[in-house]
Amino acid sequence: MAVTETEQKTVQKELTLNMGPQHPSTHGVLRLVLDLQGETVVGVDPRPGYLHRGIEKLMEYRTYHQIIPITDRLEYISCMNNNLGYVVAVEKLASISVPERAQFIRTLTAELGRLSAHLVWLGTHALDIGAMTVCLYALRERELLLDLFEMATGARQTVSYARIGGVRNDLPRDFFDKCYEFVDLFPKRLTEYDTLIRENRIWLRRTKGIGVMTAEDAVNYGLTGGTLRGSGVDYDLRKAEPYAAYDKVDFDVPLGKNGDVYDRYIVRLEEMRQSNRIIRQCLDKMQPGPVMTDDPRYAVPEKTQVMQNMESLAHQFVLMSKWAPMPKGEVYSATEAPKGELGFYIVSDGSGKPYRIKIRAPSYVNLSAFPKMVTGHMMADVVACIGTIDIVLGECDR
Amino acid sequence: MIGRVKKLFNTVFLIEIGKGLALTLRTMLKPAVTRQYPREKRKPFAGSRGLHAMRRDDSGQKERCIGCGLCEAVCPADAITVITAEGPDHEKIVSSYELNLLRCVFCGFCIDACPVSAIQMTPEFELACTSRKDAFYTKERLVKIGDKYMGGKG
Ligand code: SF4
Ligand code: SF4
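These protein sequence lines map, in sequence, to chains A and B.
Counting from 1, one number per residue, gives the positions in the first sequence under the numbering used here.
Counting from 1001, one number per residue, gives the positions in the second sequence under the numbering used here.
Among the hints, a few may not be true.
Coverage of chain B stretches by chain A, computed from C-beta distances (three or more under 8 Å per stretch; other residues unrestricted) [what the hints assert, rightly or not]:
id : region
1  : 1012–1024
2  : 1110–1121
Covered stretches of chain A, going by a simulated chain B footprint (3 or more residues, C-beta under 8 Å) [as the list claims (entries may be wrong)]:
id : region
3  : 150–157
4  : 261–270
Don't read these hints as lab results, they were simulated from the structure.
A quick note: this is a predicted structure, and the numbers were derived from the prediction, not measured.
Glycine is no exception: its CB is placed at the ideal position from the N, C-alpha and C atoms.
Based on the sequences and whatever the hints tell you, model everything.
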């Protein structure tokens, strides 16, 4: 039977396929509009925004202190890093100095947060590609981390731990034993993940040469975090602009070579080893001392002081009800969150509430490189590429 | 050359897959780490942030809260409502204290803010309820929880 002209057109026409927002491998509620030519992806249009909660707007109606729990809801897998990123920005705005012990605690908890984020990434990424065991093992280790969070802060997920000028409370004594236990155990567990997938032929076939970003492209797209370092660009804010106690600990920044899915996997896995190293150093180097700033303007007074001392009581009332006036001005400060550069741009009008806060969410920026990564690959590589840019939609959509 | 032979050997005999399977087999023989939740309960750690409780004052007769409203002011989720009135001896009494658990995010700011440590948090985390009304915790209910976790005295 002869093929008519219309039929021929239909055969050549691309197929448009909606993937998500409710799809198990889109890591939340990401919607992708895929243009397919047979099994090959010829174009993709990510449509984020399904998890938009107006976080930046909500922040304008809260005092600087009340914003801390909102930052938990950005990248909800590693709340510690979001809290830290925010308070570092506020401290820069008002030039608040933070005592050393608090700095070490912040570094320690931020690295624990990084581990918990990377474990979820590893688990889900491997699960997307088909390695189910890794997911179960990774979540098993994450449970230990969540226990540590609960000991330190009282909450497992939405920790709200960092405070402007310090941290909420000092670490309890049994935390240290548990944490040492964890850092001893964790490298062994990392070796287990390696045994499972590092040389696995299916894993290699699914990840090598997929989603390649050259170093130049990666920089041009503004990528940060493991997604950038997988392409071999040495840029880590913990080294480039050290905050908290990162200048007092020793660690390496792992780099990839080819910029494909496999290299990014190696980079993040190595990052976990380095995080483990940082945690151990923090535990060793921590000296006793205060965990809240002595800056009289912004230091939240201790409970015992509040109960005995009239000035502290009055100060407590001011800080808790409307926060102290902040200096007028604008500030941008960025920290290295597990996904990349997490920046807060704060505009202050001199009151206890910010005039405007803009969040530079690494997931959002990294997502922009997704079409570049996936175009030309097969349909099945789409999930590998979503996993490798390591996005969390809570942060992407804000 | 030796490297290539080794690689060929590994490829033909599925060495890396075998190693992975050996690991999963070993793990299978270890005790399971999964908790069968409703039957096996984990003990929460000290200082765990769960359901709120109200302490009693030193006399043990009434709640410790002085009605300052600081918890209401600091709450980022607007979960607390405090209403005060004038008592028979012209003292300030807390006529109503209501905590809306449907709004609460368990940040713990209210307990950090309370100047008399009246409102506290307990490690109670099983908070499911079948009616909206049950999610509103009044002063009396909070005091009762306080009695359960901290004894009747302040
Ligand atoms: S825990 Fe946080 S959200 Fe809940 S009532 Fe207290 S201040 Fe409000
Ligand atoms: S619970 Fe504490 S902070 Fe809240 S109104 Fe009572 S005394 Fe004030």
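Do the hints match the structure? See the list:
Evaluation of the coverage hint for the region 1012–1024 of chain B: fulfilled, as 6 residues show C-beta separations to chain A shorter than 8 Å, against a requirement of three. Beta-carbon proximity to chain A at under 8 Å applies to 6 residues in the region 1110–1121 of chain B; the threshold of 3 is reached and the given coverage holds. Look at the region 150–157 of chain A against chain B: 5 of its residues bring a Cβ nearer than 8 Å to a Cβ of that chain, three or more, so the hint holds. Residue count for the region 261–270 of chain A with a Cβ under 8 Å from a Cβ of chain B: 0. That is fewer than the three needed, and the coverage hint is violated.
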